[in-house]
Amino acid sequence: MRVRYLKLNQFRNYPSLELHPGEGVNILYGQNAQGKTNVLEALSLLATTRSLRASRESELIFRGGDVARVMADVVRECQGDVDLEVSVFQTDKKEVKINGSKRGRVVDILGQFNAVFFGSIDLVIVMGEPADRRHYLNIEISQISPRYVYDLGHYKRVLAQRNRLLKELRDRPRPPKELGLDVWNEQLINYGAPIIEKRRFYLERLAPLANQVHRALTDGKENLEIRYLPSVRLPKPAELSTLSTAVVDNSMIRETNRETQYLTEIQDATPASESAPQTRVESPLSDTEAIAAAFREQMAEMGLEEARRGVTLLGPQRDDIGFFIDGAETRLYGSQGQQRTATLALKLAEFQLIQDYVGEPPVMLLDDVMSDLDDNRRAHLLEWVRRRCQTFITCTSLRPFPKEILAEATTFQVANGVVTPDVRRKTRNSRILAEKEANKPETASESVEIAS
Amino acid sequence: MKHYPKPLGKLVGELERLPGVGPKSAQRMAFHLMRLPYEEAKRFADAILEVKDQIKLCKECSNFTDQEVCEVCRDTKRDRTIMCIVAETHDLIAMEKTNEYRGLYHVLQGLISPMDNITPEMLKIREIFPRVANGVTEVILAFNPTTEGQTTALFLASRLKPLGVRVSQIAHGLPAGGNLDYADQATLISALQWRREI
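From first to last, the protein sequence lines stand for chains G and L.
Read in my numbering, the first sequence has 153 at position 153, and its numbers run on one by one without any break.
In short: position in the second sequence from 1, add 1000, done, that's my numbering.
Misleading hints may appear alongside valid ones.
To be verified - Taking lysine-lysine pairs in the BS3-like style, the calculated list, with each CA pair at most 25 Å apart, reads:
id, chain 1, residue 1, chain 2, residue 2
1, L, Lys1010, L, Lys1059
2, G, Lys177, L, Lys1124
3, L, Lys1052, L, Lys1077
4, L, Lys1042, L, Lys1024
5, L, Lys1059, L, Lys1006
6, L, Lys1010, L, Lys1077
7, L, Lys1059, L, Lys1042
8, L, Lys1010, G, Lys167
9, L, Lys1024, G, Lys93
10, L, Lys1161, L, Lys1056
11, L, Lys1161, G, Lys177
12, L, Lys1097, L, Lys1056
Unchecked claim - Which residues of chain L face chain G? A partial, calculated answer using Cβ under 7 Å:
id, residue
13, Ile1112
14, Pro1114
15, Thr1119
16, Pro1120
17, Thr1151
18, Gln1185
19, Ile1189
If you're looking for bench data, these hints aren't it; they were derived computationally from the structure.
Glycine included, C-beta positions come from ideal geometry on N, C-alpha and C.
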C-alpha cells in the first residue's frame, strides 16, 4: 500500500500542498515548526479519521480558512487503487469521500488506507494513563474492524445512560427493575462483550510479535510481555480459543475482507451477537458468548454495589494494558530507553499485524525518530522500513541517515509551509549511482578474473 | 434582549425556545409576526391555544386526539388482536401512510432514556397491559434503530412475553430499493444481524 499523490487544502499551516511521494523512503527535512509533522498528520487522518494531537478537530483548519481537506490517491495491491478524501469543518464535523462519492458515515473510510504512526507522542501508550492505552487500542482495532467502531459507539451511549440511571438509584433508591436497570445491564453486556473479545484477540496476536521485535532491538537481552488487563475477568483460557486453537474465531479476519467475502463466509459462521434473530443455528458457545456470560455473572456478583456508588464498575471502560520487561512493569520500573524501545516494538508489531490482516504492508509514518532514538535502534528501524513499505520520515537534518538509505530515498525540504522536492539531491545521487554503475564492469571483470 | 422593545423581546425569547430555532430565525419570525395584520396574528395565537385546549391523549392508546378515544381506536374495522407500539404520534402517522397495517396502535410518548430523565414509569407503558389482556395476541415493536429504541424494545419484550403474547420487532437494515454497495457499514452490520432464513 502506498500513496501516489497527496493533496492538502487549508490544512494546518498549508494553504495548499501537492506531493508526489516516492515508493520507498520519503524524508521530510527542515527546521522546527515548518510543517513536517503536519504532512504525517494528514496521512494519519486518512487512516484513522482522527487528528494526532488536536483536541478539537477544527484546529486542523488553516488559520482563516473554513474547511481543511486531505486528498490522496492510494495504490493498493489487494483491494485495488482508491481515491480518498477527508474534509474537516469549523463545526468539528467531518466528511469523507471514497472514489469521489460521499459516504454517509465518517467511519466508512476506516480500513481503506492503513498507516502506522510512530513518534514521541506514542510514549503515553507505555507511560500514560489507562485511558491513553484504551484510546490506543480503540484506534488500532478500528483500523481493522468496522464492527468494533459500531459496538464502541453503542457501548458508550449505553454506559452513559446506565450511569445516569445508577446515579438516580443512588440518590433515590427504588427497586432497580422498575426503572429498567435489567435491560440496561443486558445492553451493556451486548455491546461490551464483543469489545472485550476484540481487544483480547488483538492483544493476544500483538504480544508475541512485539516481544520478537523487542528481543531483536535489545540483541536478545530483554523480553517484553504485553498483557491485556480487562476489568471483566475473562473465562478460563481453555474455554476461549487461543492462538494454538485459532480455528474457532476468525471474526476479525472475516471483517477485514470486502463485503462479498463477508457474505459468503457468513453462511458457515454465525456472528456472535445476542440481538441476532431467534432462528440462528445452534452452536457451542462462541468466545463472545463466553465473555458475555462471565460479564453477566460478575455483574450479578456485584449486586447493589453499583447502585450504591452510582456508577458502572465493570466493563471495557475500565480496561488496561500492562507492559512488562523481564517481569517488571515498564511504566514504573523501566528506564526511558526501555520505554522507548517497548513503544517502538509495539508499533512495529502493529505494522506486522496490519500487514497480516490486510495482505500488504501499511504505510509507516515516523515523526522525528532520528533524534529520539539511539544509533542502534535507529539503524534497526531504518533497516526494517527499507524496501518493506512506503515510509515518511520527518527530521531536522539529513545527516544522521546512512548513505545507502539516502541514495534510495526521495527527499523533500520543508520550509514555512512549502514543501520542495529535492531534485538537485536526487540528480546528484543518481550521478553517484551512475558513476558506480560505470565503475561496475571493471570491478565485475576484476572479480571474474580473480574467480577464474 | 435589551435592544428590543419589551413585548417584542418577549416574543423573540419565546420563539427561541422552539426546537431547531436559533436567535437569528427567532428574530426573523418575531418581526414577521409583528407585521402581520391583527386578524392573522389572532388566528395564529388562537391555533396555539386551541391545540392546548382540545388535544389530549386517547384513553385507549395514548395517541393525540381531540376526542375521548382516537379515530383509530374507534374504527370498528380494525384487527383488535394485533397491536403496534410506537414512540411518537408521528411514527403512528408514518405507519398509517403505508396502508398495510390494519391493527391497533399504542403510543408510548417517548423512549426510555435516563439521560433525559425518561424512565419506564414516565412513558405510557402501564396502559399497555390491560389492553393486551383484552384479546391482543401479537405485539409489534416499531422504534428507531437507536440505543434507546433498542433498549425500550428489550424492556417491553421482557415484560410482555411472560403474558404469553407474541412479541416481534420491525426489521432494521437496508432501505427498500437501496443499493448494497452504497449502504454504510453500520447499516450492513445491522442487516446481517437481522437476516432471516428464506
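Results of checking the hints against the structure:
For a cut-off of 25 Å, the pair hint linking Lys1010/L to Lys1059/L is broken: about 36 Å separates their Cα positions. Between Lys177/G and Lys1124/L the alpha-carbon distance is near 17 Å, which keeps this suggested pair within the 25 Å criterion. Simply put, Lys1052/L and Lys1077/L have alpha-carbon atoms about 30 Å apart, too far for the 25 Å limit, and the pair is violated. A distance of roughly 24 Å separates the Cα atoms of Lys1042/L and Lys1024/L; the hinted pair therefore holds under the 25 Å criterion.
Between Lys1059/L and Lys1006/L the CA atoms are separated by roughly 42 Å; this puts the pair beyond 25 Å, and the hint is violated. For a cut-off of 25 Å, the pair hint linking Lys1010/L to Lys1077/L is broken: about 49 Å separates their Cα positions. With a C-alpha separation of about 31 Å, the suggested pairing of Lys1059/L with Lys1042/L is violated against the 25 Å cut-off. The straight-line distance between the Cα atoms of Lys1010/L and Lys167/G is roughly 37 Å, outside the 25 Å bound, and the hint therefore fails.
Our distance criterion of 25 Å between C-alpha atoms is met by Lys1024/L and Lys93/G, whose separation comes to about 22 Å. A C-alpha spacing of about 30 Å is found between Lys1161/L and Lys1056/L, which places the hinted pair above 25 Å, so the restraint is violated. Between Lys1161/L and Lys177/G the alpha-carbon distance is near 16 Å, which keeps this suggested pair within the 25 Å criterion. Note on Lys1097/L and Lys1056/L: the hinted pairing holds, with a Cα-Cα distance of about 22 Å set against a maximum of 25 Å.
The closest approach between the C-beta of Ile1112/L and any C-beta of chain G is roughly 6 Å, which is under the 7 Å cut-off, so the hint is satisfied. Here the hint on Pro1114/L is kept, as its CB sits about 4 Å from the closest CB of chain G, short of 7 Å. This hint holds: Thr1119/L has a C-beta 5 Å from the nearest C-beta of chain G, less than the 7 Å allowed. Restraint check, Pro1120/L versus chain G: the minimum CB separation of about 5 Å is within 7 Å; hint holds.
With 7 Å as the threshold, the beta carbon of Thr1151/L comes within range of chain G, its nearest partner Cβ sitting at about 5 Å, so the hint holds. About 4 Å separates the beta-carbon of Gln1185/L from the nearest beta-carbon of chain G, less than 7 Å, and the hint is met. Interface restraint check for Ile1189/L: the shortest CB-CB distance to chain G comes to about 5 Å, inside 7 Å, so the restraint holds.
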